[in-house]
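Got chain Y sorted already, so can you dock chain G with the ligand onto it with the hints?
So the sequence lines, in the order shown, correspond to chains Y and G. Last residue of the first sequence: 240 (the numbering used here), numbering continuous. Last residue of the second sequence: 200 (the numbering used here), numbering continuous.
If you're looking for bench data, these hints aren't it; they were derived computationally from the structure. In this text, a Cβ means the ideal position worked out from N, Cα and C, and glycines have one as well. Check the hints yourself; a few may be wrong.
Only part of the chain G face toward chain Y is listed, based on derived beta-carbon distances under 7 Å [claimed, not checked]: (1) THR7; (2) ILE18; (3) GLY19; (4) ILE29; (5) PRO117; (6) ASP199.
Keeping only pairs whose Cα atoms sit at most 30 Å apart, straight-line, the calculated DSS-like set for lysine-lysine is [to be verified]: (7) Y:LYS141 x G:LYS44; (8) G:LYS63 x Y:LYS186; (9) G:LYS31 x Y:LYS23; (10) Y:LYS186 x Y:LYS23; (11) G:LYS31 x G:LYS44; (12) Y:LYS205 x G:LYS2; (13) Y:LYS63 x G:LYS31; (14) Y:LYS18 x Y:LYS205; (15) Y:LYS141 x Y:LYS63; (16) Y:LYS18 x Y:LYS109; (17) G:LYS44 x Y:LYS23; (18) G:LYS63 x Y:LYS110.
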Amino acid sequence: MKPAEYYMRDRLHHPPAKSENYKTSVTRSPQYALLSLENSLSEITGPVFSHSDIDPLDNDLLKNYSHSGDPIGERIIVHGRVLDENARPVPNTLVEIWQANAGGRYRHKKDTYLAPIDPNFGGCGRTMTDQDGYYYFRTVKPGAYPWRNWVNNWRPAHIHFSIFGAAFAQRLITQLYFEGDPLITKCPIVQTVPDADAIDQLVAKLDMNASVPLDSIAYRFDIVLRGRRSTLFENRLEGN
Amino acid sequence: MKYLKETPSQTAGPYVHIGLAPRAAGFDIFKQELGWDIAGPNAKGERIRVEGCVYDGTGAPIKDVLIEAWQANADGHYAHPEDGRGVEDGFRGWGRVITDFDTGLWGFDTIKPGATPGRNGTTQAPHINLWIVARGINLGLNTRMYFDDCDNSDDPVLNLIEQAHRRQTLIATRSEGDKGVTYRFDIRIQGQDETVFLDI
Ligand SMILES: [Fe+2]
Numbered sequence: 001m002k003p004a005e006y007y008m009r010d011r012l013h014h015p016p017a018k019s020e021n022y023k024t025s026v027t028r029s030p031q032y033a034l035l036s037l038e039n040s041l042s043e044i045t046g047p048v049f050s051h052s053d054i055d056p057l058d059n060d061l062l063k064n065y066s067h068s069g070d071p072i073g074e075r076i077i078v079h080g081r082v083l084d085e086n087a088r089p090v091p092n093t094l095v096e097i098w099q100a101n102a103g104g105r106y107r108h109k110k111d112t113y114l115a116p117i118d119p120n121f122g123g124c125g126r127t128m129t130d131q132d133g134y135y136y137f138r139t140v141k142p143g144a145y146p147w148r149n150w151v152n153n154w155r156p157a158h159i160h161f162s163i164f165g166a167a168f169a170q171r172l173i174t175q176l177y178f179e180g181d182p183l184i185t186k187c188p189i190v191q192t193v194p195d196a197d198a199i200d201q202l203v204a205k206l207d208m209n210a211s212v213p214l215d216s217i218a219y220r221f222d223i224v225l226r227g228r229r230s231t232l233f234e235n236r237l238e239g240n
Numbered sequence: 001m002k003y004l005k006e007t008p009s010q011t012a013g014p015y016v017h018i019g020l021a022p023r024a025a026g027f028d029i030f031k032q033e034l035g036w037d038i039a040g041p042n043a044k045g046e047r048i049r050v051e052g053c054v055y056d057g058t059g060a061p062i063k064d065v066l067i068e069a070w071q072a073n074a075d076g077h078y079a080h081p082e083d084g085r086g087v088e089d090g091f092r093g094w095g096r097v098i099t100d101f102d103t104g105l106w107g108f109d110t111i112k113p114g115a116t117p118g119r120n121g122t123t124q125a126p127h128i129n130l131w132i133v134a135r136g137i138n139l140g141l142n143t144r145m146y147f148d149d150c151d152n153s154d155d156p157v158l159n160l161i162e163q164a165h166r167r168q169t170l171i172a173t174r175s176e177g178d179k180g181v182t183y184r185f186d187i188r189i190q191g192q193d194e195t196v197f198l199d200i
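Bound conformation, chain Y alone:
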């Protein structure tokens, strides 16, 4: 394949760097304008992963930290496709997730919330998409948890997602929320995203058909990475 540029990232669709209501962003946001670059080889390339980098059980959070049984909580399936803006699947890309347990507690030394650690739940997983861009995780539904921002802020139940794509320009971290959660509209982090349709892209939908009867409820979460033009760079890259 010959190099082609990625579509400009629509920064109006993403949260601004500084969001007053998400206090930590106030001192962690650049003041000066970003320098916008046309893609070079440095941006249209990115790390390549293979199935040998991960373990087959890594996508099963019910089992990947199980010591004396399954973790406590509502058993769920989270699945979907990674697509680009042209609606083409993004195959063989690494998807990583991390989340709190059913009580809203992370297995992290900085998390001191009252809810207990679950001895059978690690809270992270990873997988590679297949040829159709499809991915699948099994886990428990995370609990809401309080966080220091305003005095009574609660994060809606969420799962953190990291997606690579095929190029460093496509790299993305985001969060999945669950359909119907009343905390979504109250969360200053969710509300950093300026547009209601954009927020809706972060909300996984109940998927009864993919649920396993008497076992697990499924949620569908499709992820869209930047797309690319079909035309080539104007000039050939040196050495290509």
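Structure of chain G with the ligand alone, referenced to chain Y:
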């Protein structure tokens, strides 16, 4: 033509370490930790260490940041099919690092990359592409690290920076000691000496 919209970004949050660098965060869950070995055992070129701190707008070190690095090998080739010129066996060119939770210092070992092709027949001076995420960063920040002992004068990206003195924020400082060659690269997220960040 109907296009989809990119999924909006959300902050990596305070617990990114267990998700992306569990072993480095003291959490043993996966058989293989990804991103701790950028160059692999067979890479040619100069072995270097890169170290620095990320500072917030008040000048305090950010102690919960995660940084990913993406770089070419010593010949300036990326380990990616769209480069296609080939790299040493085991060279991935990608790594990720978290900071010391007490000091905010981060560091990784790699090899010094070579110059890479730029657009329109130009050549980009050797550089490491960096991506920075943390609690309070709503959309990952991209920047580049260049080397103070290289000739950066014709680099097409550095030369796009209008205020010439700000180019300095992308150039790491070399030192040589008992432990070998170290480049220091501090990143200032906000303020007077703010690092130049890139919209790539
Ligand atoms: Fe979280």
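If you draw a straight line from the CA of LYS141 (chain Y) to the CA of LYS63 (chain Y), is it 30 Å or shorter?
holds (14 Å)
Checking one constraint from the list: CA of LYS18 (chain Y) to CA of LYS109 (chain Y), max 30 Å. Satisfied?
holds (27 Å)
Would you check the hint for LYS205 (chain Y) and LYS2 (chain G), treating anything up to 30 Å between C-alpha atoms as holding?
holds (22 Å)
Hint check: 7 Å Cβ-Cβ cutoff, PRO117 (chain G) to chain Y:
holds (4 Å)
Checking one constraint from the list: CA of LYS44 (chain G) to CA of LYS23 (chain Y), max 30 Å. Satisfied?
The hint is violated at about 45 Å.
The hint names THR7 (chain G) as touching chain Y; please verify it with the least Cβ-Cβ distance against 7 Å.
holds (5 Å)
Per the CB criterion, is ILE29 (chain G) less than 7 Å away from chain Y?
holds (4 Å)
For the pair supplied as a hint, LYS63 (chain Y) and LYS31 (chain G), is the alpha-carbon distance within the 30 Å limit?
Distance of about 14 Å is within 30 Å: holds.
Given pair status - LYS44 (chain G), LYS141 (chain Y), alpha carbons within 30 Å
Roughly 47 Å separates the two Cα atoms, so the pair is violated.
Holds or violated: LYS18 (chain Y) to LYS205 (chain Y), with C-alpha atoms at most 30 Å apart:
Given that 30 Å is the threshold and the Cα spacing comes to 29 Å, the pair holds.
30 Å Cα cutoff - pair LYS31 (chain G), LYS23 (chain Y)
Outside the cut-off at roughly 37 Å; violated.
Keeping to a limit of 30 Å between CA atoms, is the pair of LYS63 (chain G) and LYS110 (chain Y) held or broken?
holds (11 Å)
Of the numbered hints listed earlier, those contradicted by the structure are 7, 9, 17.
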